[in-house]
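There are 2 protein chains.
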Amino acid sequence: MKLFDRVVYQTRRQALMAGMETGLIWIQGNELSPKNYRDNTFHFRQDSNFLYYCGIDQPGLSLLMDLASGDTFLCGRDITLDHVIWMGPQRSLSELAEQTGMSGVLSEDALHAMLQAAGSAAVHYLPPYKGESILKVHAYLGVAIEDVTTKASDRLIETVVSQRSIKEDRELAEMEYALELSRDMHLEMIYEAKAGVKESHIVAKIMEIVHRHEVDTAYPVILSVRGEILHNHHHHLTLQDGQLVLGDFGAESSMNYAGDITRTVPVASTFNSQQKDIYQSVLRAQAAAIEALKPGISYQEVHLLAAKQMVLDLKDLGLMIGNADEAVAEGAHALFFPHGLGHMIGLDVHDMEDLGEDKVGYDQEVKRSDQFGLNALRLGRKLRVGFTLTVEPGLYFIQPLIDQWKSLKRCDSFINYDKLTPFENFGGIRIEDNYVITNGGSRLLGPSIPKQVEEIEFLSGLDKYIA
Amino acid sequence: MKLFDRVVYQTRRQALMAGMETGLIWIQGNELSPKNYRDNTFHFRQDSNFLYYCGIDQPGLSLLMDLASGDTFLCGRDITLDHVIWMGPQRSLSELAEQTGMSGVLSEDALHAMLQAAGSAAVHYLPPYKGESILKVHAYLGVAIEDVTTKASDRLIETVVSQRSIKEDRELAEMEYALELSRDMHLEMIYEAKAGVKESHIVAKIMEIVHRHEVDTAYPVILSVRGEILHNHHHHLTLQDGQLVLGDFGAESSMNYAGDITRTVPVASTFNSQQKDIYQSVLRAQAAAIEALKPGISYQEVHLLAAKQMVLDLKDLGLMIGNADEAVAEGAHALFFPHGLGHMIGLDVHDMEDLGEDKVGYDQEVKRSDQFGLNALRLGRKLRVGFTLTVEPGLYFIQPLIDQWKSLKRCDSFINYDKLTPFENFGGIRIEDNYVITNGGSRLLGPSIPKQVEEIEFLSGLDKYIA
Chain A
14 MKLFDRVVYQ TRRQALMAGM ETGLIWIQGN ELSPKNYRDN TFHFRQDSNF LYYCGIDQPG
74 LSLLMDLASG DTFLCGRDIT LDHVIWMGPQ RSLSELAEQT GMSGVLSEDA LHAMLQAAGS
134 AAVHYLPPYK GESILKVHAY LGVAIEDVTT KASDRLIETV VSQRSIKEDR ELAEMEYALE
194 LSRDMHLEMI YEAKAGVKES HIVAKIMEIV HRHEVDTAYP VILSVRGEIL HNHHHHLTLQ
254 DGQLVLGDFG AESSMNYAGD ITRTVPVAST FNSQQKDIYQ SVLRAQAAAI EALKPGISYQ
314 EVHLLAAKQM VLDLKDLGLM IGNADEAVAE GAHALFFPHG LGHMIGLDVH DMEDLGEDKV
374 GYDQEVKRSD QFGLNALRLG RKLRVGFTLT VEPGLYFIQP LIDQWKSLKR CDSFINYDKL
434 TPFENFGGIR IEDNYVITNG GSRLLGPSIP KQVEEIEFLS GLDKYIA
Chain R
14 MKLFDRVVYQ TRRQALMAGM ETGLIWIQGN ELSPKNYRDN TFHFRQDSNF LYYCGIDQPG
74 LSLLMDLASG DTFLCGRDIT LDHVIWMGPQ RSLSELAEQT GMSGVLSEDA LHAMLQAAGS
134 AAVHYLPPYK GESILKVHAY LGVAIEDVTT KASDRLIETV VSQRSIKEDR ELAEMEYALE
194 LSRDMHLEMI YEAKAGVKES HIVAKIMEIV HRHEVDTAYP VILSVRGEIL HNHHHHLTLQ
254 DGQLVLGDFG AESSMNYAGD ITRTVPVAST FNSQQKDIYQ SVLRAQAAAI EALKPGISYQ
314 EVHLLAAKQM VLDLKDLGLM IGNADEAVAE GAHALFFPHG LGHMIGLDVH DMEDLGEDKV
374 GYDQEVKRSD QFGLNALRLG RKLRVGFTLT VEPGLYFIQP LIDQWKSLKR CDSFINYDKL
434 TPFENFGGIR IEDNYVITNG GSRLLGPSIP KQVEEIEFLS GLDKYIA
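As you go down the protein sequences, you meet chains A and R in turn. If you use our numbering, the first sequence corresponds to residues 14 to 480, in order. If you use our numbering, the second sequence corresponds to residues 14 to 480, in order.
If we strip away everything but chain A, and leave its shape as in the complex, we get (with noise of 0.2 Å):
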């Protein structure tokens, strides 16, 4: 388990008190997840919120802090022989309480006895996504099930959020190892990706990286030839000429902050016309969008921007017509790009969004918009220095879709319906990049990743092995 220095961790704690006022903060860690039976249980993932305060990557424990005296408790059962013998030598409470700075620890039954003696109106508790942690609110708080949710403090909701969104530079080097080990497996799939070839060979080999690293991936891999498919995790198709292959995947560091990348490349080794089309497309989109990035631009205004590079190169094509503002405006862009631009990224790959992607996402100035496509956004707030963000544009053609667009004639004063024809296989397209907004404008994260057409035709071309 590798941890900050204490100092971090007290220094957070800190300044999340000094955000509060009265009663005691209560941050429950995860519990193991059962798959089929209690103890057969997925790869254990630490709540993201609970790392952040303390970095403590087991389970079973949770946060206690007390606004009127400071103090900060470790909380859990201790280890005894029996799990010395299944489990092997593990540090203490107390051990891991001392190396995070807290106070001290608290067992189960003194954390139960000092929240039911606090009172739940008088307890902070952030909402809970797991049935595990819901039913421990009810269980130590006393809160029904039906308000657990509800119940959840929006002003801790809300100084975690402003606490988390702004990465310090040792988040930001965690997410830069992240994004080395997402290289490896993105230049992986560039060079197996050859007719003949299954998605699940491809992943095989992805995962291979993944694991030989000891670390697990920020996200389901989403490895596919039909791109089109916004989240598709089926890996039971077979490479052929002609196709592109869409990978959206990245690792997360041994610190459990995330990369998401995605690439999409030809099996053919080159694109065909129509494919480099759509996919310079989506690059200037990216391009523009990275362009625009800098403190104070809301995210909402860069997506449209991005929006409206792509309805200019779809009226080249003859895809789209008429005026790419009023387009933009109706969200006619959607029927190619139905998703957001980008989200936070951090410990989570939607960063914090346990919390409520609009409490992360939106504010008082921005809201969320109601229209298909836009409402997708997850991010649209105005950026401050110290964001990390995804820029991830992409062109689809989801025939589903169309046709019901189609049939209703929706936006057809800006869709070419009838051009659509020669696209219906084509699947999708995506490219997607990871910034930190800095005083300047923005910086990428991580080691740049192939992504120009020449760069991908060349590596695609080569064996990989006499590279």
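Hints were generated in silico from the structure; no laboratory data involved. Where a beta carbon is used, it is the ideal one built from N, C-alpha and C, also for glycine. Worth double-checking, as some hints may not be accurate.
To be verified - BS3-like cross-link-like pairs, simulated, lysine-lysine; straight-line CA separation at most 27 Å:
| id | chain 1 | residue 1 | chain 2 | residue 2 |
| --- | --- | --- | --- | --- |
| 1 | R | 432 | A | 15 |
| 2 | A | 218 | R | 422 |
| 3 | A | 218 | R | 207 |
Claimed, not checked - Using C-beta positions, here's what the derived DEER-type ranges look like:
| id | chain 1 | residue 1 | chain 2 | residue 2 | range |
| --- | --- | --- | --- | --- | --- |
| 4 | A | 157 | R | 51 | 14 to 22 Å |
| 5 | A | 434 | R | 103 | 20 to 28 Å |
| 6 | A | 297 | R | 24 | 55 to 63 Å |
Start from chain A and add chain R according to the hints.
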């Protein structure tokens, strides 16, 4: 999604209903399990009871059987265009119900209403093991959270256990497929286990096989030079000459049947004489157990036979003294063999463990012992034709346990504590295979996987790519 013929599921459901009397049977399928926020989930694993009775490997469903009418309903939410955009085209609820021979479908609202109308006393459900399923029993049946487990239906549990305990040929075939993959994984370990290689590197090679076949492991991989830590899931050590590597891992078939194999191999490609002595003892204990397998013998008795074989060998090596039968009766062997000889295996690696270990592995005739070691035996009852189980004796030198026993002088008339010093960093050895009980005795499931000393040493010494 691979399914058996609908008749298989219809027959199983009819047999289940024939074993019950009145009311409704409600079997929940699993939901996706969140990692760090609701929408970032672990790889989906369906509930095994749900798989057994309808085979549908998709989240968010449940099964309702009406004992009065004999009708079975597939319950859940139907797909929308939004699902199609994000997840691709999917079969409708009705199509799924039809393919698995059900009477019809119910929406979540209709299910909720039917359960409420019946009243919780008339609804038989299985004990839920995930927070989400506990919450759903509470929400749909109005059972208080603290009563959800105890109010599960004993009659339903017993009927399911008796049905799932006897494997059909088609289930054996699935297990054999899982064991073929598991064999490939273990051969990979034998080839890769060389000095200087990291444990995580071998895990990565093993996992590549799993991912290439688009399946999952049946349980988290144990692979360690510290084999004496029974459930060691860390893989950060580097193999050194003179060490042993213990690998306990297996694949699931695409229909989620488990393989569970353990092999222990020398890093140096030959065992030293101390290692060979202990290895041969474990192998002899496994052979004695396998020899004894037959309908009518209790697995507790087989466990004790294996234990006695190990005591005889440990006496020859001078590590134990006194009468072997008495040593076993006292549980002295458990210092070296602190776990059970095996467990049922099937759709779960510990088959049906969600329904209660004792309800699966014990009965009126054979009760679970509370003696250290023997109390960890999951399967004790008399064997029947069609039972599938693991045979997995092991010998370990667990220093904290030895220190404790020695200081308490525990079993010191059977254990020669002074002779244990040379074994301080020995680690542990376990050898495990899967068997089905037949009329004549038993049959090895899956291919024969090398385990004789000469076989292991021969394969370890090979360079895989010229093999």
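Tested hints:
1. Distance restraint check for residue 432 of chain R and residue 15 of chain A: the Cα-Cα separation of roughly 39 Å exceeds the 27 Å cut-off, and the hinted pair is therefore not satisfied.
2. For the suggested pair residue 218 of chain A and residue 422 of chain R, the alpha carbons sit about 52 Å apart, so the restraint of at most 27 Å is broken.
3. About 21 Å separates the Cα atoms of residue 218 of chain A and residue 207 of chain R, which keeps this hinted pair within 27 Å; it holds.
4. The given range of 14 to 22 Å is respected by residue 157 of chain A and residue 51 of chain R, whose C-beta atoms sit roughly 20 Å from each other.
5. Remark: the range hint 20 to 28 Å for residue 434 of chain A to residue 103 of chain R is upheld by a beta-carbon distance near 25 Å.
6. In this structure the supplied range 55 to 63 Å holds for residue 297 of chain A paired with residue 24 of chain R, their Cβ-Cβ distance being about 60 Å.
The structure does not agree with the numbered hints 1, 2 stated previously, though it agrees with the rest.
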